[in-house]
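Visitor: So the chains spell out like this:
2 protein chains.
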Amino acid sequence: MTDVSGHPVTGLDEVVHQRVRLGILAITHEAKRVEFGYLRTQLDLTAGNLSKHLSVLEAAGLIDIEKGYEGKRGRTWITLTADGDAALAAEISRLKMLIARVETA
Amino acid sequence: MTDVSGHPVTGLDEVVHQRVRLGILAITHEAKRVEFGYLRTQLDLTAGNLSKHLSVLEAAGLIDIEKGYEGKRGRTWITLTADGDAALAAEISRLKMLIARVETA
Numbered sequence: 001m002t003d004v005s006g007h008p009v010t011g012l013d014e015v016v017h018q019r020v021r022l023g024i025l026a027i028t029h030e031a032k033r034v035e036f037g038y039l040r041t042q043l044d045l046t047a048g049n050l051s052k053h054l055s056v057l058e059a060a061g062l063i064d065i066e067k068g069y070e071g072k073r074g075r076t077w078i079t080l081t082a083d084g085d086a087a088l089a090a091e092i093s094r095l096k097m098l099i100a101r102v103e104t105a
Numbered sequence: 001m002t003d004v005s006g007h008p009v010t011g012l013d014e015v016v017h018q019r020v021r022l023g024i025l026a027i028t029h030e031a032k033r034v035e036f037g038y039l040r041t042q043l044d045l046t047a048g049n050l051s052k053h054l055s056v057l058e059a060a061g062l063i064d065i066e067k068g069y070e071g072k073r074g075r076t077w078i079t080l081t082a083d084g085d086a087a088l089a090a091e092i093s094r095l096k097m098l099i100a101r102v103e104t105a
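First to last, the sequence lines map onto chains P and L.
Residue numbers for the first sequence follow the UniProt record's numbering, beginning at 1 and rising by one.
Residue numbers for the second sequence follow the UniProt record's numbering, beginning at 1 and rising by one.
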């Protein structure tokens, strides 16, 4: 049996790795600043489900949430914090290790 | 704003993507056939937590679970099914798309 001590998955952070939250971080990274409704459409989520995941990321200090107006319409904007950028980079780095392991097996 | 229609995360399957289950599939793929206690140690899980995730994967048809003996000691062996191999390959393929998107943003 191969020695798989320190398997890359043990280093994955569930706050970041969870599918919806990884999507929020990746899309916000791509777009720099995204509106709530845009994320909801892109990720095909209910408003409640998206809000729940945004709260987890905000509590972890990975995103900033800013409420404002565009004309008369209330808008919620999301940006990554420096910690959020670093957390996404760490996730990507661990995923690459995982992929390399799987592909050489 | 960048067009991110069909973002790779929307194609991720939570049965496979979840951190512990991805670990089970990756380690089993590497080792071909793994013993329960080995997975438990590698993934640093309680027996109950590992059992719960194995049940999800077995119900989805991604792994086979075989109970037997090694000498007098009861052992549980895990192997990937063909569907499990395909599901891991699909996950890896979507993760690569995600990584490419994040790195070119």
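You may find that some hints are simply not true.
[Said to hold, decoys possible] Computed spacing ranges between beta-carbons, pair by pair: (1) Ala90/L / Asp13/P: 21 to 27 Å; (2) Glu14/L / Met97/P: 19 to 25 Å; (3) Lys52/L / Ser55/P: 23 to 29 Å; (4) Thr76/L / Ala60/P: 31 to 37 Å; (5) Arg40/P / Arg73/L: 17 to 23 Å; (6) Thr46/L / Thr104/P: 28 to 34 Å; (7) Lys72/P / Ala47/L: 25 to 31 Å.
[Unchecked claim] Here are the simulated PhoX-like cross-link-like pairs (lysine-lysine), alpha carbons at most 25 Å apart as the crow flies: (8) Lys72/P / Lys32/P; (9) Lys67/L / Lys32/L; (10) Lys52/L / Lys32/L; (11) Lys32/L / Lys96/P; (12) Lys32/P / Lys96/L; (13) Lys96/P / Lys96/L; (14) Lys67/L / Lys52/L.
If you're looking for bench data, these hints aren't it; they were derived computationally from the structure.
Computed from a predicted model, the values in this text were never measured in an experiment.
Don't be surprised by glycine CBs; every beta carbon is placed ideally from N, CA and C.
Visitor: Lys96/P and Lys96/L: Cα distance at most 25 Å?
Guide: Holds: Lys96/P and Lys96/L sit about 8 Å apart, inside 25 Å.
Visitor: Take the C-beta atom of Thr46/L and the C-beta atom of Thr104/P, compute their distance, and say whether it sits inside 28 to 34 Å.
Guide: holds (30 Å)
Visitor: Is the gap between the beta carbons of Glu14/L and Met97/P within 19 to 25 Å?
Guide: Hint holds: Cβ distance 22 Å, inside 19 to 25 Å.
Visitor: Between Lys67/L and Lys32/L, is the straight-line Cα distance small enough, at 25 Å or below?
Guide: holds (16 Å)
Visitor: Measuring from beta carbon to beta carbon, are Thr76/L and Ala60/P in 31 to 37 Å?
Guide: holds (35 Å)
Visitor: Within 25 Å, alpha carbon to alpha carbon, are Lys32/P and Lys96/L?
Guide: OK: Lys32/P and Lys96/L at ~21 Å, within 25 Å.
Visitor: How does the Cβ-Cβ distance of Ala90/L and Asp13/P compare with 21 to 27 Å: does it lie in that range?
Guide: holds (23 Å)
Visitor: For the pair supplied as a hint, Lys72/P and Lys32/P, is the alpha-carbon distance within the 25 Å limit?
Guide: holds (24 Å)
Visitor: Has the given pair, Lys67/L with Lys52/L, been kept, meaning a C-alpha gap of at most 25 Å?
Guide: This hinted pair holds, its Cα atoms lying about 16 Å apart.
Visitor: Could one say that the CB atoms of Lys72/P and Ala47/L fall in the range 25 to 31 Å?
Guide: Check failed, 57 Å falls outside 25 to 31 Å.
Visitor: Taking only the CA atoms, is the gap from Lys32/L to Lys96/P under or equal to 25 Å?
Guide: Satisfied, since the Cα-Cα distance of roughly 21 Å is no more than 25 Å.
Visitor: Return holds or violated for the Cβ distance of Arg40/P and Arg73/L against the range 17 to 23 Å.
Guide: Because 52 Å falls outside the window, the suggested range is violated.
Against the hints set out earlier in the document, violations occur for numbers 5, 7.
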